[in-house]
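Peer 1: If you want the building blocks of each chain, they are given just below.
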Amino acid sequence: MVLALFAASVTLQAADRLISLAPADMLIIVIYFAMVLGIGVYLKRYANTSNEFFLAGREMSAWVAGLSFLSANLGALELMGWAAATYQYGILAAHFYWIAAFPSLACLGLVMMPLYYISKTHSVPGYLHLRYGEATRALSGISFAFMTILMSGINMYAMAIVMKVVLGWNIHFSIWVSSLTVAAYVTLGGLYSAIFNEVLQFFLIWVGVLTVPILGMIEAGGWSGLVMKIHERVHSDEYVHLWSTLGTFSGNPMGVHWTGMALGLGGVIAFGYWSTDFLVIQRAMAAKDLRSARLAPIIAAYFKMMVPLIVILPGLLGLALLPYKLVPEGTPGEGLHTYNEVLPLMLARYCGPGLLGLGITALIAGFMSGMAGNLSAFATVWTYDIYRPYLTKVKSDAQLVVVGRWCTILGVFLSIGAAYFVTQFKSIMDYMQALVSFFIAPLCATVLVGMLWKRATPKAGFWGLLAGTVSSIAMFTLVKVNHSYLAVIALSPNAKEMAENLYRALWSWLICFLVTVIVSLCTAPKPDDQLRGLVWGLTDLPSERGMPLYKRPVFWAAGVGIFFVILQWMFW
Amino acid sequence: MSKQAHMVPVWFFIGVLLAIYGVIIFAVAVADFRHPSAVVLSQYHPDLFGGILLLLIGGFYTFWFWPGRRKKE
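Those sequence lines, one after another, are chains B and V. Yeah, the first sequence ends on 650 if you go by my numbering, and it's all consecutive. Yeah, the second sequence ends on 342 if you go by my numbering, and it's all consecutive.
There's no promise every hint is true.
Chain V is nowhere near these chain B residues, computed Cβ spacing over 10 Å in every case [claimed, not checked]:
hint, residue
1, Glu212
2, Ile239
3, Thr289
4, Thr337
5, Gln477
6, Leu513
7, His561
Stretch by stretch, here's where chain V covers chain B in the computed footprint (C-beta under 8 Å, at least three residues) [claimed, not checked]:
hint, region
8, 111-122
9, 270-279
10, 290-303
Rather than coming from a laboratory, the hints here were simulated on the basis of the structure. Note that the Cβ used here is the ideal one computed from N, Cα and C, for glycine as well.
Just chain V, same shape as in the assembly (with noise of 0.2 Å):
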């Protein structure tokens, strides 16, 4: 068998790393939330949805590639 094979794959740490800056982006939009920082655009709350679309993201790929999880299956 591959060396590769028993690695974690590359999709788990880009999952872990996007669910993080979710959840950091997301803390600091609630925080923000009746406040937003003064740059254009900002009554549509980018950083809460992109927070939000990055955990979404980030959290489907820590969950689908977790490690061993596709072995066991």
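Just chain B, same shape as in the assembly (with noise of 0.2 Å):
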């Protein structure tokens, strides 16, 4: 009876939504939404340092890191996003679970992580402070801080729409209710909390939404009955090929050539934003060894190269099964669903109530998970990064903590802000992929110059960064004032959008590394003391002779490699 009148208090008509809820849904939601609290309240005990409050003692093991360094990136826009993409784009949409996984998540884990968890710094700008400098991190904190507000504002803004759409629910009560909790548990126990959470949420979207690709393979009568059906309703086999349609921008319907995709995305996002970007890499510093934190990544490689059995395929089969055609977001017609309806309108499709409480709560808990990890990154950056080091001289060690936590509650309400932002400014949603090719694209050629080189200088660190956010911002812009650039950018007439985001992070990237040779070669170089724990050839790692082939990282990252050439094999 309580359920039932608290749904009925923040949801619209039921003519206004596309799934409806009953009892036992809304309990399994309230239930959630109790324990991430409960763990928050728990976790408050254990973080009273600054260690604990922002690294969780550096005390997780090599599977809870792996799973929260996944699930800080499975945000539930993530989730849905994809699954729609895929029904627009086909299995396409796959490479940025695979290509994007392997090379650069195996590079992190052996070539990256070493440094960074040695090097003994709280954060990626932090590294970029001891690597290049003052003003390499204060240009890399200052932008981190900027998009991870704007990105987790845009996110929780989008999932009020999604919730408002597909349950109902009132989008101020789904702002409000959904970061007011995330702040909760991460204001109290910090990155312990945000990490215990992020494992819980993994499990739960996982079992969530399984439901969807089990039976949707027996409606379709398994693999070649879906291709068959797919044939059927789009009279094409470009949807059920990963690379074989690469070969032209026209022959594929995402109008992207595989260089684009193999340099572009496999090369330079995907590497970049797995090796660069603090909201994940904070989770394997998290680690309680160097082992451990070296495997993090490795271990979220094969989970994340899994996850397109729960997204990729949910969007196959919605567009092999559903009754009707789903079209793209702003089309006028009544009662019509979008693209990004399909994973919501599969979950109503196969679950029942209970089941589809636990899916509507497997997507409550991928947009949680994802705001999470913003918000902890957010407050180490600000607190070591920005405030420390140009606001305030804290002396204590208990001050930081104090500031810690008042640096989550800023974050949500800059966050809130930033997402009633947006709502005056819809367009900005479209934005998101090129704020990612903006800042973390060049930070990309920045940390590996100064990771691989010695000879990289502080003066070079600097101006290649900036010299790649700024080139990055300005092609963005050439192509929105004349769109006939796109053809120039992206090397074809032919490309598409999704195009222009991979070549305009290719050439960023470029000009930075460009950039931070020449300057380098211009300037003086740090003397190599300064150097150690830094930089590949001057740090010295801890020998793992005598550790069995199975425990080192290197076996486990080959794996990695192995899987990844079977799946490319299966659905070339």
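Using the supplied hints, reconstruct the complex from the two chains, each of which is provided in its own coordinate frame.
Peer 2: In structure tokens form, the structure reads like this:
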């Protein structure tokens, strides 16, 4: 009775929503909120020092760090957005899980993580401070804080829109209840709480959505039945092949050439995201030892490559089985469903009371894990890389924790502000991918050159990063002002927006790389003794001699590589 | 000894939550067994099997990671 009244108070009329929840579904959602808050309250007693609050005491096992690493990336928009992209582009969307996972996560675990971990820094901007100096730290810290808040706000708004469309929930209710819950548990338990809840959310996402691919494949008659039904629907084989259609820009629904996919996505965007976005790196830094820190991204890679089972496959099943055609966002017409609704529609297709509540809880969990990741990373970067060096001279460790807690709350309110800001300028949501290419792609070059080349100088780090970021923003603006420049940037008149994102990231990476190298050759480098623990070749790694092969990160990274090759071969 | 050694492991929380969900979904499935909801393939009773599976996984995790159990061993 109470749950039914609660549901009625926050929802719109049944006609305005896609799915109706039964009291059992509402009970499942309420229990979820109680559990995540309970975990935050329980863990507060363990988050007393800055090391505990910001880095979870560096005590996490490889499994916990790895699952949390992936969960921070597995937001609800990630789930629904890529299911929608699959409906639109077919299995090509799986590249964002496969080529975007294998080379970059293996490289992070084997090459970059040792330097992040051994340098004992608190953040990626903190590493840049040690490697290049104050100016580069300031530039990357401020751009990261700005990007994190904007992304968090955009995610929050988009999630509220989804909750309104799918469940009929009031937008303000969704924004405030979800964000205040995340704020409460991250403020209380810091990174401990964020990580615990992310691992919990990882399980919920899987068990919540897994019903769709299982029942969908039964209904479709297995993979061959699915391919046949898609062929009947779209009269083309382009939707079920990964690489064979990428020989030309016009030969596939995404309008991308294989070079853009391999170099732009696999080589720059994915590499940049996984290896320099502190949102995910922070989870691996919380590992209990170097071996666990190196294994965390490799464990995440295995699960990342399995995520298409609950994201890409439901999108393909929607394309094959839904009795009506989904349309792009903003298409006028009564009763039409958009691409973005494909995952909730498939949940509603197969899940009755109880299972439906679990599926919706999975979407909410996805949103909250993404937001907790943003908040904990923002609090750390703001406290260590902006507040402490530039705004005040914080003296004690206890003061840092207090500042971190207030920063978490500040981050929530800034995110809520950003969410309401986005409601005024709805097209900003389209720029999320662009935001990544502005800040992440050049940062990747700066970090990579800094880690691998001892000759890279402090001035080169700053000017390279600045040049990469400015050039990326300039390319984006140029195409907005004159759309014909898209053909120049993406190297083909047949290129589409997705290709623009991939190639812009590639060019901004190259510009950053070249400027860093040229300026380095013209300026004075740091002496070797200041670079120990920061650069390959000057850093002594603990020997793995005597360690059984199956315990070595390189063994498991090779396994990811084999898994990757098999998947490419299967869906070529 | 590290603080984490005194903590209730995250796997225990996962076990408890999944077990509770298993009980709820199983109970709903049993109550609606003769009149399943009008979803596609409801004749296979996915809620019944899903509930049992969640209960088994959740129960195992709850038992295996029960606070203090592993220390006693």
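Peer 1: With reference to the structure, classify each hint as holding or not holding.
Peer 2: Hints, verified against the model:
Taking the minimum C-beta to C-beta distance to chain V, about 33 Å, the non-interface status of Glu212(B) holds against the 10 Å cut. The Cβ of Ile239(B) sits about 25 Å from the closest Cβ of chain V, beyond the 10 Å cut-off, so the non-interface label holds. A cut-off of 10 Å between C-beta atoms contradicts the statement that Thr289(B) is not in contact with chain V; the least separation is 6 Å. For Thr337(B), the non-interface assignment is confirmed: its Cβ lies about 41 Å from the closest Cβ of chain V, beyond the 10 Å cut-off.
With a cut of 10 Å on Cβ distances, Gln477(B) stays outside the contact zone with chain V, its closest approach being about 21 Å. Every Cβ of chain V is farther than 10 Å from the Cβ of Leu513(B); the closest lies at roughly 31 Å, confirming the non-interface assignment. Every CB of chain V is more than 10 Å from the CB of His561(B) (nearest about 43 Å), matching its label as outside the interface. Residues of the region 111-122 of chain B lying with their CB closer than 8 Å to a CB of chain V number 4, which satisfies the three-residue condition for coverage.
Look at the region 270-279 of chain B against chain V: 4 of its residues bring a Cβ nearer than 8 Å to a Cβ of that chain, three or more, so the hint holds. Residues of the region 290-303 of chain B lying with their CB closer than 8 Å to a CB of chain V number 4, which satisfies the three-residue condition for coverage.
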